[in-house]
Amino acid sequence: MAATSPEALVAHVLRRCAIAPDPERIARFTRGASTPQAAASAAIDWALQAPPLPISPAQSRQDGWDDALRGWTGNLRSSGAGLHERMTWFWHNHFATSSDKVGNQAMLHGQQQLLRTHALGNFATLLRQMALDPAMLFYLDLAGSSIDAPNENFARELMELYTIGPGNYTEADVKAGALALAGYEVDYNTAAVTKKPDRSLGGEVVFLGRRGRLGVDDVIDVLLAHEATGPFVASKIYTNLVGVRPSPERAKQLGQLFRSSGYEIRPVVENIVRGEEFLGSRMNRPKTAIEWWVGAVRAIEPFRADQDKDVNVWVLNDLGQIPHRPPNAAGWPSGPKWLSSDQFVTRAAYVRSVSWRMEPIKAAPGSDLVAATLARCSLHEVSGRTMNVLRDAALAVAGNADELTISRRLITAALLSPEFSLA
Amino acid sequence: MSPKPEPRPSTVVSRREFLALLGLTTSTAALPAVRGLDGSVAEAASRKSRAASSGKRKAVAEGPVVAGRPVAGPRVLVVIELQGGNDGFSMLVPSGDGRFRQLRDRAWLNPKDLTRLDDRYSVAAGLAPLASRLAFVEGVGVSKPDFSHTAMMTRWWQGDPDGSGTSRTGFLGRCCDLLDTGSPVVGVSVGGGATPALLSAKAPTVALPGLDSLRELTNDRDDRMRSTMGSLTDGGDESAGLDSVDSDLLARARSGLSSGLTLLNGLGGITGKSPRYPDNNRLASALGLARELVSLNVGVRVIHVPWGSFDTHTGHAWAHPEQMRQLGSALTAFHNDLVRSGLSDRVLVATTSEFGRRPQANAGGTDHGAASTALVLGPARAGRHGAPVNFEQLDQSGNVAATVSMADYYATLATWLGVPPGEVLPTPGAVLGSLGLT
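Keeping their order, the protein sequence lines are chains H and C. Take the first sequence: its letters are residues 101 to 523, numbered as in my numbering. Take the second sequence: its letters are residues 1108 to 1545, numbered as in my numbering.
Straight-line distance between alpha carbons at most 27 Å, and here's what the computed DSSO-like set of lysine-lysine pairs gives:
(1) H:Lys-201 x C:Lys-1219
(2) H:Lys-201 x H:Lys-437
(3) H:Lys-296 x H:Lys-201
(4) H:Lys-295 x H:Lys-275
(5) H:Lys-201 x H:Lys-275
(6) H:Lys-275 x H:Lys-296
(7) C:Lys-1309 x H:Lys-437
(8) H:Lys-275 x C:Lys-1251
(9) H:Lys-295 x H:Lys-201
No wet-lab data here; the hints were simulated from the structure. These numbers were taken from a predicted model, which means no experiment stands behind them.
Work out the full structure, taking the sequences as your base and the hints as a guide.
Structural data, given as structure tokens:
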């Protein structure tokens, strides 16, 4: 493989270990680094240690949907966002819960706090608390489920999506799980969770081979002891960070690491981002809408000092990825959906509408406008085809268009380029 | 059987011509939309149906629909995907079946939400105003059901009844491939972004973005912008080569941008102004756009509309009727619009859903089931089709067996479009002749 620049490697690390790169942070890790790998290592060290971002207090308001959105997207946009923020977002996708059904900002705020507390902590603890999280209890209908007519929604997704994955359980396990998990109620105003003995399991069930008068702790014990849970969850983390599914051997190895540590998340994440596949796995998956948007905002910023800093977070609604509004319990889909025609049209319209306020692109001495554009977008690996388009956009019009018009053309082309749509 | 020849609309513009338009003009000038005919007065019956629906919605000025002069063009299939697993038994309700009533006791519908049809059946009150026009296909499902949303949605999207997982394209996408005659857009998804259902091998299928985005770009005053974006998709000088680490994905991204620009040129003139559609009803908005897409005459043959939250594990008895009210008022507005616009003979609406609900209710809701009832509206014979399911014979999971296979249902829709079922389904199903969709 041809030598890769330190900027390209650091940009990759930040695309995966943060939400998106920005020129200042890339410069910080590349400046004075002895080799590209050393720069990338420094960036990985930083991302692993980046302190958790605080949850915005405004999000605790019962009716603060707009504030909640700005709070979370503010964190995603923050230059301090590292692996803690990335994994918080990952777990939101894993335990996807929608305000469309829950409709209670205080509960969703509580769930976000739970995700933030355990983002790089312990999966077993996170899973136990998530099972009885008020927003989750409402979202997957465990709230109010009773032994005489148990609701199967949570029991099914607990196995299919959160722990062992499809193919590892039967319909009888779903029914047994639903019986074992029945009996909980949630006070919609106080979010207090209570268990009603008369609505809970009195007899025995057989769940994934374990017989007994099982409760929520037993069900989760069985799932955590199941050999599929480690590889299933660790593979999902790997796929998010590396871009492709792990080989069966790698999945097994990560699963063992996960399980033997008692489901500590940080060692698995660290093993993945320091693994030998990581640095070479560049631009091998589409950016999700959130990843694209954070990157685009960073490139269009800084807005002119005298202008409103509103970056129109509501575009995320049109792009189909807004915090606390996943399409269903399986979270946002990955893959080619994010490279579809409507994404490009919506993204183009967004760039055109907010770039009016951008600071025009200035070429540094000895550099040119195209290089300055690419640096501003943290694009350090670009095909010759895209380079040609940017050169044309910069050259052909230099005579008869003002500085802002040219800057907007360049930034539109760069942010709509195939390269910028990949993570 | 060979594909049925369809009359080509006179204003259709070829894909080549469209690409030539890139960066030069907007589609509004090139493609005047066909507008529906006007003229109506108020009518008591439809006022009554409005009163039955949610009070939040703005009243729709609806009246006896004056049929418009038929507008020639190809047939268009509109598939509404009822998301979450729709309970067909709460749509066409087997209210005279004692066993079913017993199983459903805990989530039984309120009398006000049911309109009696005969001794055996009622219809959801929300659909009652349309009941005489609707075709209900009973017992639609697969022989070996799964109860995972993801698994069953994938089977329905891919037209893969057994979940063999061998198909890389969607059933509707494959229909588009066979219907593709070079028009700019053959399949469109409205309201939910890209869908695997419309994934095609070659035909242009797109997801309609928000109208504000289309407007922003069609009104962009920098006239070079579109050609710059267009050049990103062809890359200009090929000799520059591709020095990318993964050319497959880059090509995919280029093709997405390219379709986006095609869409902008082909569908950029869409207005979203549908005054006769109810407010606060996302399905109605999507169907209003679907009618515009048909009228734009750019060769659209398949429209996919994902809608609804039918996963009624709790609160089934209030949640499902509310969905039916929205479905009913949206379908009524759409149907009337099609009649007025002279399009009703060549636009067929059909619903799908990943699965139905189990006959036995849980506390106040219903869990994942198997066979369900589907709705068809348009040039199809109204009434009941397929065969009733048997509530006396439940399988191990507590579900009824399907009486009509997904393959039969899809074969019927494909045939109407002029697509040979054998070319789009792993095993060609039997066309449901009673619907009269030939």
